[in-house]
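Q: Chain residues, written in single-letter form:
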Amino acid sequence: MIAIREDGKIYIGYSVRAPFNGLSEKDMFLNMPIHKIHGKKNMYAFFNRCERAENMLRCESKIFNIELKDEVVMGPFYHEFYKYLKQYVNPEKGAGWENVMILADGENAYMFDREMVVQKLDNYLVTRKEKTIKAYLDINEDKPAEERIIGAYREVNKIGNVFPLIIYNLTDGTKKIIRK
Amino acid sequence: MSVILGYVKEDTVYLATDTRIIEDNSKYTETAPLSYKLRKLDNGIIYGVSTTNLLIRQCVNLNAASIFQLNKKRTLDIKYVIKRIVGELEFFLENNGFVKKEDNDSKSWNGDMIIAYKNKLFIIYCDFSVDEISEYTVAGYNLDFYKNAISNINPDEDINGQLTDILSSAHKHIYTVAPPYLLINTKDMKHHLVDEPLTMQTCDSEGQK
Chain V
5 MIAIREDGKI
15 YIGYSVRAPF
25 NGLSEKDMFL
35 NMPIHKIHGK
45 KNMYAFFNRC
55 ERAENMLRCE
65 SKIFNIELKD
75 EVVMGPFYHE
85 FYKYLKQYVN
95 PEKGAGWENV
105 MILADGENAY
115 MFDREMVVQK
125 LDNYLVTRKE
135 KTIKAYLDIN
145 EDKPAEERII
155 GAYREVNKIG
165 NVFPLIIYNL
175 TDGTKKIIRK
Chain S
19 MSVILGYVKE
29 DTVYLATDTR
39 IIEDNSKYTE
49 TAPLSYKLRK
59 LDNGIIYGVS
69 TTNLLIRQCV
79 NLNAASIFQL
89 NKKRTLDIKY
99 VIKRIVGELE
109 FFLENNGFVK
119 KEDNDSKSWN
129 GDMIIAYKNK
139 LFIIYCDFSV
149 DEISEYTVAG
159 YNLDFYKNAI
169 SNINPDEDIN
179 GQLTDILSSA
189 HKHIYTVAPP
199 YLLINTKDMK
209 HHLVDEPLTM
219 QTCDSEGQK
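Protein sequences, first through last, are from chains V and S. Letter 65 of the first sequence, counting from 1, is numbered 69 in the numbering used here, and no numbers are missing. Letter 136 of the second sequence, counting from 1, is numbered 154 in the numbering used here, and no numbers are missing.
Bear in mind the hints are in silico, worked out from the structure with no lab data behind them. Since this is a predicted model, take the numbers as computed values, not measurements. There's no promise every hint is true.
With a straight-line Cα cutoff of 35 angstroms, these simulated DSBU-like cross-link-like pairs (lysine-lysine) come out [unchecked claim]: (1) Lys40(V) <-> Lys125(S); (2) Lys124(V) <-> Lys179(V); (3) Lys87(V) <-> Lys91(S); (4) Lys73(V) <-> Lys91(S); (5) Lys208(S) <-> Lys45(V).
On the chain S side, residues computed to face chain V include the following (Cβ under 10 angstroms) [as the list claims (entries may be wrong)]: (6) Ile39; (7) Ile40; (8) Glu41; (9) Tyr98; (10) Ile100; (11) Asp123; (12) Asp149.
Idealized CB from N, CA, C, for every residue including glycine.
Here chain S stands alone, though its shape is the one from the complex (with noise of 0.2 angstroms):
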């Protein structure tokens, strides 16, 4: 399962993630535009989805322009993501047979995920639930140890060059996360792929640097 990690601040949310897929008994590192973790969409949006199921992420990328709508004063707010984006994520996954119902009827799926739009971010868990956040989280396994990490940056000081830290730090320790890791900001809206920290590479929508 992927590691997302999301950061505010200001008016800006901070998100990074890495570029390993794992399939099966292979792992292999995937840096075309098309297989990033973190997507943005022309409306202004960006979304990750942790999951070990390869086939929902490409479900949530195909659906993702209907899935992720902003509201009629063109924003976010936490009622609208209950409301209407759970609501329609919960139908495409749910129609693509990708939603576990449990013993009591409730529901379930194979990830958690992150939105984030202008200076608001939030993360929608396996069960449907949702928080806002207004400093950081965290989507994906390990958790303490993330937590842990991102508790700590610094505001002050580079926040990319802080969650590649903590990428690269766990990447010495979690065999489901290796460079280069991606980065993208609500600001720039632009990925950024880094091999190496403060070797920071800028992508165009096709993945030309």
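Here chain V stands alone, though its shape is the one from the complex (with noise of 0.2 angstroms):
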């Protein structure tokens, strides 16, 4: 997942294919760990890897009701969600959780990584092949977000196939797919 702020407008790049190797591309779609927070408007929380954890917020998303602010993501949220995932892996251990989770709106976005370290989005947010995205980004500052996104996952794809891609622009509530 890629997330950029661009101009005050938030974009969050998702490729839909990782985690779904035996699955159509309708199927990949009607999967996808994203969960759209109810209430809310035009805030998501996006995975970037399917498992047990994920799986039990299709169920429980209301953990997710939250206002998306420092104080809150960093404080009681935080806490909240961390007891949830200790009922399907120990945080504190290793690798942590196996996932990374991007949970935005159209004003912020947080990213909480394997290890549960919270990032804030300021310029982008990168959750795996940070090299070569963020090389690609870096070089690439000029160009417009959208642009940016498909541009660095077109690197990626070369290692192996990402696409199809979706851009969520979460300011306007628009999204995108990208084939290839």
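Hints in hand, dock the two standalone chains.
A: See below:
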């Protein structure tokens, strides 16, 4: 996943393909580990991998029904989410919960990494293939956000298929599917 | 590890697998109904376990009536599968020592499972995550081979025949797959054993043809 802030707008690039080897494209979209937060405008929780803890969130996503600001995300939400995850994994051990989450709306985005370290979106956030993607984003920082996201995914696609890709514009609530 | 193919067409789920059993250093085919890799329950659920550990399949079979129940509306949806069925499955597998804990305490088991009910198809993976399937899926090894084959199924032609062709084709390359092939769908709920393409035999619950 890539999150970019540009001119006050927030864009998220999300590769649909990664976790689903045996599924058709239609079913990849059907089972995307992305949760639209009920009752919140353009607020989503994006996961980069489907696993038990994420699956359960399909049933209990009310945990995300929060105000997306530092004092909530870093405070009560963090503790609640940590407590939730501990039902399925132990984030204190080793690689943590083998997942990465971006929690974002039209104004803010926060990334929870495998060790449950939280980063707030300033310029960009990257969840995988960090070196390749960051290098591309830095070199092309004068280009528009959507173009940078697509270009970065094309770089990663040279190593392994990552398309189709969805780009969410969380500020105006639109999304685009990019197939190659 | 067995392969199980699942294909959804309109209001019916078609499932297919083989009858090869691999145990230690021996391999053989087993066509007795008790050894079927796809099982049907009285409530209309059909399930199949793809695993390299026969004991896991037996454990699931023994507890199938408890694990695979319908929700209050007498149907299945993904939330119910995630919360209830996966919970029950994990409970039974863990009690019998089949669940492995990773370093970070996440759990996994040695297999994948397919569940079908009417027009609903779900796959439960080895890490207990679940996907809902609206087109097709494959449980087992060599996913790319099967996925490519199953994605080319023509929905206007005989589905059972095409699923058999895929398994038959796999048999030429993959030693873990062998005829006869076992077919069942959620409409007629009958097992069909297929030795060769075009010679389908229907079996009752005792395996009589």
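Q: Please go over all the hints and tell whether each is borne out by the structure.
A: Do the hints match the structure? See the list:
{"no.": "1", "hint": "Lys40(V) <-> Lys125(S)", "result": "holds, 27 angstroms"}
{"no.": "2", "hint": "Lys124(V) <-> Lys179(V)", "result": "holds, 22 angstroms"}
{"no.": "3", "hint": "Lys87(V) <-> Lys91(S)", "result": "holds, 32 angstroms"}
{"no.": "4", "hint": "Lys73(V) <-> Lys91(S)", "result": "violated, 40 angstroms"}
{"no.": "5", "hint": "Lys208(S) <-> Lys45(V)", "result": "violated, 49 angstroms"}
{"no.": "6", "hint": "Ile39", "result": "violated, 23 angstroms"}
{"no.": "7", "hint": "Ile40", "result": "violated, 21 angstroms"}
{"no.": "8", "hint": "Glu41", "result": "violated, 25 angstroms"}
{"no.": "9", "hint": "Tyr98", "result": "holds, 9 angstroms"}
{"no.": "10", "hint": "Ile100", "result": "holds, 5 angstroms"}
{"no.": "11", "hint": "Asp123", "result": "holds, 4 angstroms"}
{"no.": "12", "hint": "Asp149", "result": "holds, 4 angstroms"}
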